[in-house]
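Here is what each chain is made of, one letter per residue.
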Amino acid sequence: MSAVVTFAGVAFAYADQDPALVDIDLTVAAGDVLLVVGPSGSGKSTLLRAVNGLVPHATGGHFRGSVTVAGRSTRDHRPRDLADSVGFVHQDPEAQFVVDEVEHDIAFALENLGMEPAAMRRRVEEVLDALGIAHLRHRSPTTLSGGERQRAAVAGALAAAPDVLVLDEPTSELDPQGADDVLAAVTRLNADLGTTILLAEHRLERAAPMADLAVGIDRGRLRGPEAVPALLADYEGAPPVTHLGHLLGWIPPPLTVRDARRLARDTVLPEPPDRAEVPTPGDVLVGARGVRVRLGHHPALRGVDLEVGRGEVVAMLGRNGSGKTTLLRALAGLLEIDGGHVDTLARVAYLPQDPNALLFAPTVRAELEHTLHLLARRDPEAVTTWLDRLGLTDLADRHPRSLSAGQRQRVAIGAVAVGGADVLLLDEPTRGIDPPSAGALEQAVADHAAGGGAVVLATHDVELAARCATRAVVLGDGDVVASGAARDVLAGSLFAPQVLRVLPPYLTVAEVAGALGR
Amino acid sequence: MPLSTVPRFHAVTWLAWALAAVVIVQLASSPLYVTLVLAASALVAGAHRISSTGAFRLLVGAGIVMALIRVALTALTTHAVGTVLFTLPEATLPRLLGGFTVGGTIEKEVVLQSLAEGYAIVALLGVFGAFNSVVSHHELLGSAPRAFHEAGLVVTIAAAFVPSTVTSWQGAREADRARTGGIVRRRGRLVRTVVPVLETGMERSLRLADSMDSRGFARHPPGPADTASAWGALLALMSLAGSFVALVGRRSTLAAVLATTGAVLLVASVVLASRASPRRRYRPRALTGEDLLIMATSALALTLVAIAAAGGEGSLSWSASPLRSPDLAPLPAVGILLLAVPALLPTRPVPDEESEARTTADNARTAQPVAS
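Residue numbers (this note's numbering), protein chains in the order written: chain A, 228 to 745; chain B, 115 to 486.
If you are wondering where the hints come from, they were derived from the structure by calculation, not from laboratory data.
C-beta: ideal position from N, C-alpha, C; glycine also.
Keep in mind that a hint or two might mislead.
Label pairs and their calculated CB-CB ranges [to be verified]:
| no. | chain 1 | residue 1 | chain 2 | residue 2 | range |
| --- | --- | --- | --- | --- | --- |
| 1 | A | Leu-522 | B | Gly-428 | 48 to 58 angstroms |
| 2 | A | Ala-257 | B | Glu-313 | 23 to 33 angstroms |
| 3 | A | Thr-369 | B | Gly-296 | 53 to 63 angstroms |
| 4 | A | Arg-519 | B | Gly-296 | 15 to 25 angstroms |
| 5 | B | Ala-382 | A | Pro-589 | 51 to 61 angstroms |
If you only want the chain A side, here are some residues facing chain B, beta carbon under 8 angstroms, derived [to be verified]:
| no. | residue |
| --- | --- |
| 6 | Pro-283 |
| 7 | Asp-303 |
| 8 | Arg-307 |
| 9 | Ser-312 |
| 10 | Val-313 |
| 11 | Ala-336 |
| 12 | Leu-340 |
| 13 | His-365 |
| 14 | Tyr-577 |
| 15 | Ala-667 |
Here chain A stands alone, though its shape is the one from the complex (with noise of 0.2 angstroms):
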């Protein structure tokens, strides 16, 4: 097998900042599927984006070492000569079409080589099929979902039959269902047309068992390439079951759950523990009755009834389009209801799907204080306990648009919080995050909780509503469908979190750990 992509003692360094990629060196496979793990900012997006020489070429900074992609160096090839051999797909669907019709945004490219027109028109007819998006061609991609959105830019990076594919977390956005399709169209194009992917990913339930190979990048350090069960083993954002396979010591620990079944014959646990009593929820802190709002001529929310108490972690699930953002706002009192009540007895704070539409201060800390200034208090204690809470103490100083997506989520989070709500209403906030940023915000969530507030989180996660609800209600077309202990209305579930599905009934791996007394 020949090596497709070669990094050969590379370091870069962006224009005075600390190093990104230290003595880097990798080897691709043609026809390899490499996994690229690593919390943000830790050099991922620099490693994929060196592959077509956007590094240094766009960025400028300091580059040592040579990256070669099928046989050519992008030290003398600038990215857009390199079209041909290498495509690239990031993580925003909306920022990648040049052109408002589909299949027009897919010749881009061809045009721009220069390709003869017929062979343009075939290339294009079967690049749609590839990617399964043929009866999108005539649509603006503005009116795509997310999911059909990446699977056309996907379309657009492989029109110029690319050798490798460079995806940098293309599913960060989406919703589970569009995240699958994504990954199900990038597989069968690996399988089929042998293209090279490189793919960087926070989600790996879905990612992993479809990589040869991974890498982990940390602080701009490569570790790797390994067999991806190996590398996964002690990461902290490996699907649930590698880690259930990594604390009950099976080798080499599974990737999925079907693997994980196989394994999990043979082991006997403890028998669980009573069931840990869910606390009562304290008085009712926001309260939906009735609740009915039209959004246009579409009945968004069909008479909806919520209560949120005193302690309440509450996960609200549902697929796109269900509710859960509406009855949010609805709470939050951003809203217009046409029927029924919300009481709020508490004061609320909601924080938007896009924690960017909020940042404008300087520095972290400026845009704590600033909401105590808009409320006219003065707490700097309160700023502290966010900061520190959130685990951001370290980066106070720092431009909020400096960080990476989930620091930046998590300064939004204590930007809303700070205020002193007693309710937070969260809408996706572990989309696109990173694990240790998902990580600080659950904690954050729970001491919450524990200091006498209330969270409502509307999510697509039911790995987080595992590990931090107290309650689960779940939303469909504008109706509650399930709600209950999260426990009962998780396990009910066919999309149940990868734990239960192994070992019922337990939910989550620090609860198998707990049995274990470890």
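With chain A's structure known, arrange chain B on it following the hints.
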């Protein structure tokens, strides 16, 4: 189902239609004819618009605002002999600012005349709005000379950023309210809204630049012939515009020289452009019979109005003094009605499109299991 983004007719067809309509408004500026042009534009925009952005309504609205401001300014500063509607307190500006009188008597003739002129502006913007809502900007760009391509692409992309900026503005407004638990603080709100919007837009443009670079944008710079053709076209346009100005200033010799130069340059640059390396385009559309029909009727419309104008048809222009009601002559009126011909042609054949979509969706579904 969202509106299709595929326009029914070729960008060049629409360009011909819009040019004819614009010249007609210049030739026949009497309110009745202007109404006909505006109505034809509205019909065409309604029948063939390809996106729901509402460019037509937006631009007509902008035209009305501009026209009203113009009427107010004219009425305040222009004074003629005529029927006085009412009298305002007047002030004479200092010499430094022109020294003319603002306010005073407001005459009916002045107001009516500037209303009629403003109405023509509304119609021009209406034509432009209709053109914008029916044409594919990408196709329009593809029809332009190769040397204009890169710069033109940047402009069309910038235009595409407008909707996402509006969304992000609304998001920032709401986030600001949510931050304080629903309490609105007006002070400093502009900063708290503008900064996130600008920074988000900036980050997005950088990512788009990455994406374009990775897909080979500007890989082959335009050749010398392309550049020469672009300069030729630019000079040609300037000469033609100059000749128009000279014509208004009644310098007919200069106008003739400039017009000839412009025409020669235009032909030269078209010849150069066709000799230059053609930019390879995906699925360039051939002109259909219906395209030719629209171009022909647009040309005929313009010809009829021009014949009337050359023949000294009095109804084409309208003046408020002496005051008379505008009237309509059959020849130019029929000409203008021809501008509505595109609206009579059927819109996209929808049933075919849908059944095609269904079968391909089914295919995609059956192909799915292989993937996982």
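Hint by hint, here is what the structure shows:
At about 56 angstroms, the CB distance of A:Leu-522 to B:Gly-428 agrees with the hint of 48 to 58 angstroms. As the Cβ distance of A:Ala-257 to B:Glu-313 is approximately 40 angstroms, the hint placing it in 23 to 33 angstroms is violated. Here the CB-CB span from A:Thr-369 to B:Gly-296 is close to 30 angstroms, at odds with the stated 53 to 63 angstroms. Checked against the hint of 15 to 25 angstroms, the C-beta distance between A:Arg-519 and B:Gly-296 comes to roughly 20 angstroms, which is consistent with it.
B:Ala-382 and A:Pro-589 have their C-beta atoms about 55 angstroms apart, which keeps the hinted 51 to 61 angstroms range intact. The beta carbon of A:Pro-283 comes no nearer than 13 angstroms to any beta carbon in chain B, farther than 8 angstroms, and the hint placing it at the interface is violated. Annotation: A:Asp-303 was flagged as interfacial toward chain B, and the flag is violated, the nearest CB pair being 14 angstroms apart, outside 8 angstroms. The criterion of a C-beta within 8 angstroms of any C-beta in chain B is met by A:Arg-307, whose closest approach is roughly 4 angstroms, and the hint holds.
With its C-beta approaching chain B no nearer than about 10 angstroms, A:Ser-312 sits outside the 8 angstroms limit, and its interface hint is violated. Because the beta carbon of A:Val-313 sits about 7 angstroms from the nearest beta carbon in chain B, less than 8 angstroms, this interface hint is met. Annotation: interface hint on A:Ala-336 holds; nearest CB of chain B at approximately 4 angstroms, less than 8 angstroms. Because the beta carbon of A:Leu-340 sits about 5 angstroms from the nearest beta carbon in chain B, less than 8 angstroms, this interface hint is met.
Interface hint status for A:His-365: upheld, as the beta-carbon distance to the closest one in chain B is roughly 5 angstroms, under 8 angstroms. The criterion of a C-beta within 8 angstroms of any C-beta in chain B is met by A:Tyr-577, whose closest approach is roughly 4 angstroms, and the hint holds. At about 20 angstroms, the closest approach between the beta carbon of A:Ala-667 and any beta carbon in chain B exceeds 8 angstroms, and the interface hint on this residue is violated.
In summary, the numbered hints that this structure violates are 2, 3, 6, 7, 9, 15.
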